[in-house]
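Student: Given chain A, work out where chain B should sit, using these hints.
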Amino acid sequence: MRPDVTPEIEVAINALIRRETACLNDGDLDAWMALFTDDGYYWMPLEADQQSPDEHDSLIYDNRPLMEIRRNNLGHPLSPSMDFPVRSVRILADLAIDAATANEYVVRTSVIAMINHKRQDVYGGRVTYRVCRLGDDWRIQCKRVDLLNADSPLDTIMMYI
Amino acid sequence: MSGLATEDLKRLVESARVYRDVYASPEVFELEMARIWGHAWLYVGHQSQVPEPGDFITTTLGLKPVIMVRHTDGETIHVLHNRCGHRGAIVCYQRHGHAKSGLFRCPYHGWIFRSDGSLRTLPSPGGYKDVGFDADDPAFGMPPAARVAMYRGFVFASLSAEGPDLPNFLGEAADTIDNMVDRSPVGEIEVTGKVGHRFLHRNNWKFFIENLHDAMHPMVAHAATGDAVKQVLDAYPDSDVGRPEAEVIAPFGGSYDFFDEMGFVGLPRGHGYMGGSKSIFSHYQMYPDYLAAMEEAYGTARTQEILSYNKHNTLVYPSCTVRDGIQSIRVVKPVSVNETVIESWTFRLKGAPQSMLDRTLRYSRLINSPASCVGPDDMSCYDRIQEAAAAGTIDWIDLHRHLGREVRDGERLTAIGTSDLALRNQYLAWLDYMTDGAAGHAA
Numbered sequence: 581m582r583p584d585v586t587p588e589i590e591v592a593i594n595a596l597i598r599r600e601t602a603c604l605n606d607g608d609l610d611a612w613m614a615l616f617t618d619d620g621y622y623w624m625p626l627e628a629d630q631q632s633p634d635e636h637d638s639l640i641y642d643n644r645p646l647m648e649i650r651r652n653n654l655g656h657p658l659s660p661s662m663d664f665p666v667r668s669v670r671i672l673a674d675l676a677i678d679a680a681t682a683n684e685y686v687v688r689t690s691v692i693a694m695i696n697h698k699r700q701d702v703y704g705g706r707v708t709y710r711v712c713r714l715g716d717d718w719r720i721q722c723k724r725v726d727l728l729n730a731d732s733p734l735d736t737i738m739m740y741i
Numbered sequence: 026m027s028g029l030a031t032e033d034l035k036r037l038v039e040s041a042r043v044y045r046d047v048y049a050s051p052e053v054f055e056l057e058m059a060r061i062w063g064h065a066w067l068y069v070g071h072q073s074q075v076p077e078p079g080d081f082i083t084t085t086l087g088l089k090p091v092i093m094v095r096h097t098d099g100e101t102i103h104v105l106h107n108r109c110g111h112r113g114a115i116v117c118y119q120r121h122g123h124a125k126s127g128l129f130r131c132p133y134h135g136w137i138f139r140s141d142g143s144l145r146t147l148p149s150p151g152g153y154k155d156v157g158f159d160a161d162d163p164a165f166g167m168p169p170a171a172r173v174a175m176y177r178g179f180v181f182a183s184l185s186a187e188g189p190d191l192p193n194f195l196g197e198a199a200d201t202i203d204n205m206v207d208r209s210p211v212g213e214i215e216v217t218g219k220v221g222h223r224f225l226h227r228n229n230w231k232f233f234i235e236n237l238h239d240a241m242h243p244m245v246a247h248a249a250t251g252d253a254v255k256q257v258l259d260a261y262p263d264s265d266v267g268r269p270e271a272e273v274i275a276p277f278g279g280s281y282d283f284f285d286e287m288g289f290v291g292l293p294r295g296h297g298y299m300g301g302s303k304s305i306f307s308h309y310q311m312y313p314d315y316l317a318a319m320e321e322a323y324g325t326a327r328t329q330e331i332l333s334y335n336k337h338n339t340l341v342y343p344s345c346t347v348r349d350g351i352q353s354i355r356v357v358k359p360v361s362v363n364e365t366v367i368e369s370w371t372f373r374l375k376g377a378p379q380s381m382l383d384r385t386l387r388y389s390r391l392i393n394s395p396a397s398c399v400g401p402d403d404m405s406c407y408d409r410i411q412e413a414a415a416a417g418t419i420d421w422i423d424l425h426r427h428l429g430r431e432v433r434d435g436e437r438l439t440a441i442g443t444s445d446l447a448l449r450n451q452y453l454a455w456l457d458y459m460t461d462g463a464a465g466h467a468a
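Residue numbers (the numbering used here), protein chains in the order written: chain A, 581 to 741; chain B, 26 to 468.
Here chain A stands alone, though its shape is the one from the complex (with noise of 0.2 Å):
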């Protein structure tokens, strides 16, 4: 049987998201990494409906030692792509909360994302978090986005969505 969804949990939850949204819109990815389980992912599929990162190709498919590349490459001096600064901004809305097992939650929201770097960018689309708790602490397990535009033309992403 799924466990209720408490108003506590549900606080817990909204409180994670909302810092994961802040930390992204900061640039801030030490703590947003922070914020997955050791062996969490973030993951951008191709295809709409696409049931695996392991079958075919994914926008961004990122464990933490990739999350730790993608970090320590924002802003590298040496980059010449940096030579523009990544600005963004993302709207979440359309929280929703179900439980999954007595640990785990799925939470589902819609995106609206800017992501400024020489052109502005917007992004729409739909994210599903599985989340969990670790003590007193809620992690991330895993992160997916389907991007609205994700089999169409697409500029460089410099940024998780």
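These are computed hints drawn from the structure, not numbers from a lab.
Possibly wrong hints are sitting among the right ones.
Claimed, not checked - Distance ranges between label pairs, derived from CB positions: (1) B/177 <-> A/634: 22 to 32 Å; (2) B/132 <-> A/694: 51 to 61 Å; (3) B/316 <-> A/708: 33 to 43 Å; (4) B/168 <-> A/629: 48 to 58 Å; (5) B/215 <-> A/665: 41 to 51 Å; (6) B/122 <-> A/634: 18 to 28 Å; (7) B/90 <-> A/610: 23 to 33 Å; (8) A/634 <-> B/313: 17 to 27 Å; (9) B/152 <-> A/672: 53 to 63 Å; (10) B/330 <-> A/606: 50 to 60 Å; (11) A/672 <-> B/55: 41 to 51 Å.
Unchecked claim - Distance condition first, Cα-Cα at most 16 Å in a straight line; then the derived EDC-like pairs of lysine to aspartate or glutamate: (12) B/219 <-> A/634; (13) B/219 <-> A/627; (14) B/375 <-> A/735; (15) B/375 <-> A/635; (16) B/125 <-> B/77; (17) B/89 <-> B/33; (18) B/219 <-> B/330; (19) A/698 <-> B/412; (20) B/375 <-> B/320; (21) B/35 <-> B/52; (22) B/375 <-> B/203; (23) A/698 <-> A/731; (24) B/219 <-> A/735; (25) B/154 <-> B/141; (26) B/125 <-> B/80; (27) A/698 <-> A/735; (28) B/375 <-> B/213; (29) B/375 <-> B/215; (30) B/219 <-> A/635; (31) B/219 <-> B/80; (32) B/375 <-> B/314; (33) B/219 <-> A/731; (34) A/698 <-> B/80; (35) B/219 <-> B/77; (36) B/35 <-> B/461; (37) B/255 <-> B/282; (38) B/125 <-> B/159.
Being a predicted model, the structure only gives us computed values, none of them experimental.
Note that beta-carbon positions come from the ideal geometry of N, C-alpha and C, so glycine has one too.
Tutor: Okay, now just chain B, sitting in the frame of chain A:
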């Protein structure tokens, strides 16, 4: 049509430099579409994308929309102009799908076409009776590309009825396709997924194919990413953390000597490749289960032969670059003088363990994806030249490096890896196509 005469075009390309108009002039771009992309064999797709009769994908040949469809005979793959014979409307916008009974129906007035492009049904046909209309005239169908041919499952088409056949066009470049297919223990490969990456480049199509064999840029333009990986390796000295990623990215920081040793081979018609016995893939770890499957299929000697063949980015000028060692193909889709889409497709080696596909997908995410770490730095460099060429802040783009030190070996021109021969060889073909020599320069 263009007012550019042959003499004007010849002035754009010298032995050691090219004039900025090759990147920035809409008039030159228009001529390229007619004379290069209108004549060369262009990559269309892979047979595994249309396994059943009626299965299709839509794509482009140059700027022209086409449909690649498996005919109802189950065997033939047709490449049809994606336009109705009536008013010229694009018949199908779906990127992939299945045409029921192999029939395409124009959504405007309902003309219906067979999967070989012939006109099958006219709506209310009495209106066309005794008015001089010939329903058998192919112009009223969806005309096939002038020539279509397949090489080991790779479908190419040409918009011109003239020119070399596909095997002669490919020449030695076909070896790379052979090697990719041979890397499957059962000799078969298939495209993963229904759509590939589509990476929008806001610059001229030639920057991408020039950059592939520009061995002077990785250690500079990709130094940041190399360092980003090294920092992770240093942070986890006694573990496997970051190793799979480093395997892909670290070679991009290879020394000038490393790339010089790789070497470059220029082939007729603008084709060419780096490597041969050594490439950025040659240090890749061998998965024991994959090696066992290959040796069981081919024997030890042949397996060694297949796996030691190592080329980096074989360019099939102008439309695609093939990487046998990592089983991917990137396809050039010019849009305008300063806009290009680079598609990339990943192949699964049938009969090989999942670890091989995992590596290919990892490579694709790290290198080919619009969200790749190295992509923005390449893009930034192309943009800089595009904008300078358009603004006229530079007139001539230089190609002097190791000029004249290439060695001719029959049809091939060989040089050390950091020679600008890689670029000069493309412009030999460019000039030949553009001045109606149809790239026969080195033949």
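Student: Taking 48 to 58 Å as the hint, is the beta-carbon distance of residue 168 of chain B and residue 629 of chain A inside that range?
Tutor: violated (35 Å)
Student: Confirm or reject the claim that residue 177 of chain B and residue 634 of chain A have a C-beta distance inside 22 to 32 Å.
Tutor: holds (26 Å)
Student: Holds or violated: are the alpha carbons of residue 219 of chain B and residue 330 of chain B at most 16 Å from each other?
Tutor: violated (32 Å)
Student: Given a hinted range of 41 to 51 Å, is it respected by the beta-carbon distance of residue 215 of chain B and residue 665 of chain A?
Tutor: Holds, at about 42 Å.
Student: Just tell me: holds or violated, for the beta carbon distance of residue 122 of chain B and residue 634 of chain A against 18 to 28 Å?
Tutor: holds (25 Å)
Student: Given the hinted pair residue 125 of chain B and residue 77 of chain B, is their Cα-Cα distance within 16 Å?
Tutor: Between residue 125 of chain B and residue 77 of chain B the Cα gap is close to 11 Å, so the pair holds against 16 Å.
Student: Hinted pair, alpha-carbon criterion (16 Å max): residue 219 of chain B, residue 735 of chain A. Please report holds or violated.
Tutor: violated (20 Å)
Student: Sort out whether residue 80 of chain B lies within 16 Å of residue 698 of chain A, counting only the CA atoms.
Tutor: It is violated: about 41 Å lies between the C-alpha atoms, which goes past 16 Å.
Student: Lying within 23 to 33 Å: is that true of the beta-carbon distance residue 90 of chain B to residue 610 of chain A?
Tutor: violated (47 Å)
Student: Take a quick look at whether residue 219 of chain B and residue 731 of chain A sit within 16 Å of each other, Cα to Cα.
Tutor: Holds, because 10 Å separates the two Cα atoms, which is no more than 16 Å.
Student: Given the hinted pair residue 125 of chain B and residue 159 of chain B, is their alpha-carbon gap at most 16 Å?
Tutor: Answer violated: residue 125 of chain B to residue 159 of chain B is near 26 Å, above 16 Å.
Student: Does residue 461 of chain B lie within 16 Å of residue 35 of chain B when you go C-alpha to C-alpha?
Tutor: At roughly 11 Å apart (the allowed maximum being 16 Å), residue 461 of chain B and residue 35 of chain B satisfy the hint.
Figure legend: structure checked against the earlier numbered hints; hints not met, in rising order: 2, 4, 7, 14, 17, 18, 23, 24, 25, 34, 37 and 38.
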